[in-house]
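Undergrad: Spelled out, the chains give:
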Amino acid sequence: MKKAIRPIVFFLGLAILIAGFLGYCTPDASMGWLSGDQNTWNLWQRFVTFIAHNGETLMLVGIGIILFRIFVLPFLLDKKITVKKWRIFGKNIPLTLFMIPGSLCLLLFNYLPMPGIVLAFKTFKKGRHGVVQSIADSAWNGLKGFSFLGTETVQNYIRNTLLYNLFWMFLGLVVAVMIAIALSHLRNKRSTRYYQTFVFMPYFLSWVIASYLLYALISYDKGMLGGVMESLGVVSSRYDLENLYQAPQYWPLILTLANQWKYMGYNSIIYTAAIAGIETEMYEAAMLDGAGVWQRIRYITIPMLKPMMIIMTIMAMGRMANADFGLFYNLPMGSGPLLKITGVYDTYVFSMITGSSTTNYGTIAATSLFQSVLGFVLIFSSNMVVRKISPENSLF
Amino acid sequence: MNQQSIAPVKTERGKIRYNANGQADLTGISKGSNIVLNILFILLAAFCVIPVLLVIVVSFTPESIITRRGYSFFPAELTLYNYEYLFMQPKIIGQAYLMTIMVTLVGTTMSTLIICLFAYPLSRPDYPFRKVFTVYMFITMVFGGGLLPYFIVVKNVLNIADTVWCLILPLLFNSFWCIVMRTFYQQSVPAALIECARLDGASEIRTFFQIVLPISLPGLATVALFMFVTYWNDYYQAMLFLNAQKDTLQTMQYMCYRALSSVNFLRTQAANLGMLSADQLASIPNEGYRMTIAVVTIAPILCIYPFFQRYFVAGLTVGAVKG
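Each protein sequence line maps, in turn, to chains A and B. Residue numbers 616 to 1011, in our numbering, belong to the letters of the first sequence in order. Residue numbers 90 to 412, in our numbering, belong to the letters of the second sequence in order.
Source of the hints: derived by calculation from the structure; they are not laboratory data. The structure presented is a predicted model; accordingly, all values stated were derived computationally and were not measured. C-beta atoms are modelled at their ideal positions from N, C-alpha and C, and glycine is treated no differently. Do not take every clue at face value.
[What the hints assert, rightly or not] Covered stretches of chain B (in silico footprint by chain A; criterion: 3 or more residues with CB under 8 Å from a CB of chain A, positions within the stretch not fixed):
1) 120 to 130
2) 202 to 210
[Claimed, not checked] So the derived label-pair ranges between C-beta atoms look like this:
3) A:Gly742 / B:Thr252: 21 to 31 Å
4) B:Gln299 / A:Ile623: 29 to 39 Å
5) A:Ile1004 / B:Phe265: 19 to 29 Å
6) B:Pro303 / A:Leu764: 48 to 58 Å
7) B:Gly121 / A:Ile1004: 34 to 44 Å
8) A:Lys699 / B:Ile294: 19 to 29 Å
9) A:Arg702 / B:Gln299: 20 to 30 Å
10) B:Ala291 / A:Met948: 52 to 62 Å
11) B:Gly121 / A:Leu781: 34 to 44 Å
Next comes chain A alone, as it looks inside the complex (with noise of 0.2 Å):
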């Protein structure tokens, strides 16, 4: 009996606090959840208005017993234990202040806006006591705020999302495996360092910078696109040329080059230590059996480096419901023409927080919270591949 007693009250408390939340939800209890034939069932229907109206409080009391259940039944319950436990605790305070600062950042940032999902079930309407207050006194609206997910165009910057994402992550990998591969067997060790300096150095640098360096490329009358093929004689003028900020059919092919010049150098960079920590003896018994290069490439390296291939790839699918909102935002300058090429996900939600007034934040807030909930799906599906695979390469 006594074993019972924790979980007991502690479910007891999550049972008021969810249908307190539930109650706090109902804007009107002959309209809201569950709602019973009114003549039929008078009790129930009598208990249904009594959380409606009483939600906040139950609330409160829901959260009460949880936290006596933590903090004041475990001293009623077992006195040694508990003791026992705050002297751990006690013993690690420095430990645990050394915690504190990185706590509170996430805490700030990260726990503090998680709340702010209910937006996204509610129709916004803003209120004189600020914008929380408003969220709050804002009326439920159940899920249509998720309607926008069958028009075209947000389709469209889901579409776009997911396979620039899933195009990049193959083309990064072989992109990478190879430069890591070639680097290892270039003789002259020095300029092998050169050679790496050079090609990681653009992930040093934001997508704004890197809007200029297109810009400065290829930009309609300036750009130094056209005034090489001026001179190579391939146009009579630089101004027959196609603007391309105006030319979507080009910008896939843009945004994959700029994408790898950005990206090839540090995603190499894993697989070049990974060449560098398998064991010559191999390669030494693969020569000594006569191996050509490319054997020794097709058996011995890229065999070893399939491990690291496969956890990279599939940590990169957790990743795909975000895209890149530097890449996206910054190289098209806002031109109207792109957008259906490059419009992702990120950019879209961006443009509507900044660009609107707050009367469309439950729309805005139902696409955020449609793709956090999306990589979530994708991170953890994709962890459990990983941990059937390489269990000591998971993530959690």
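Starting from the structure of chain A, add chain B where the hints point.
TA: Positioned in the frame of chain A, the structure of chain B alone reads:
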């Protein structure tokens, strides 16, 4: 490998070369393919570097030539006028530059300290709340409230939009570097050393600052460098939270973003300060000047990067062990 015992081993089909240090050259390729590979790598390096070089050259090109001939690697003449003009405008550029430096310095120091502090107990196997805090950090890595709630929290709850803090605080904690740092502690700080310090009566705080931190200086350097780059390159926070009407808080990256997105941004800004007459205003170099600002913005990164490259590489390699 012992140096004396080395003699080239020849087999029927393969042969092993040895280099001057006596190590077997196991991955080497023939001279011809080496040259081909080098050429390919030179092209690849050019692909990475040429855009940057172009912008640097453009920043030295006079405005008249840009208007007539466009951006080019070999302009008819070079000038320092863009840079002179830049230094004549301490109010706009100087302020943004100081702002960037300040945000970067304060942010890097604070975040490196916070990350190192947070990662240390996580690396201690005898710390009983390790799991609790790992989960606490981990949840934020897989799930977030989304951009809008974050925006509302910073702007309306914490009320730090349009202050310096909105550029510094949101980037302070970084879970990825925290995990890297934790791995680094685990690899470089022996548990016996901490135990010794404890037996000698050193407090946890003293152990950390006098023993653990000095040992893990390379890891700390990596985190600090990456945070430096993060803060220096950040424009996203500014784009979200800074009021476009107020110029006092803008950082260089944000200024670059605005200068490129609106053609006359720099002219308007100069005019707002009211220091110029109408025809002076018209003579402001625009195209080349923009590129000059970009060059000035990336200069510190490009300058420190070659010297600290191995730290960057080391950090990423450690991170890959358990990302």
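Undergrad: For each hint, tell me whether it holds in the structure or not.
TA: Tested hints:
no.	hint	result
1	120 to 130	holds (count 7)
2	202 to 210	holds (count 7)
3	A:Gly742 / B:Thr252: 21 to 31 Å	holds, 25 Å
4	B:Gln299 / A:Ile623: 29 to 39 Å	violated, 50 Å
5	A:Ile1004 / B:Phe265: 19 to 29 Å	holds, 22 Å
6	B:Pro303 / A:Leu764: 48 to 58 Å	holds, 54 Å
7	B:Gly121 / A:Ile1004: 34 to 44 Å	holds, 39 Å
8	A:Lys699 / B:Ile294: 19 to 29 Å	holds, 25 Å
9	A:Arg702 / B:Gln299: 20 to 30 Å	holds, 27 Å
10	B:Ala291 / A:Met948: 52 to 62 Å	holds, 57 Å
11	B:Gly121 / A:Leu781: 34 to 44 Å	holds, 38 Å
Hint 4 from the list above is the single one not met by this structure.
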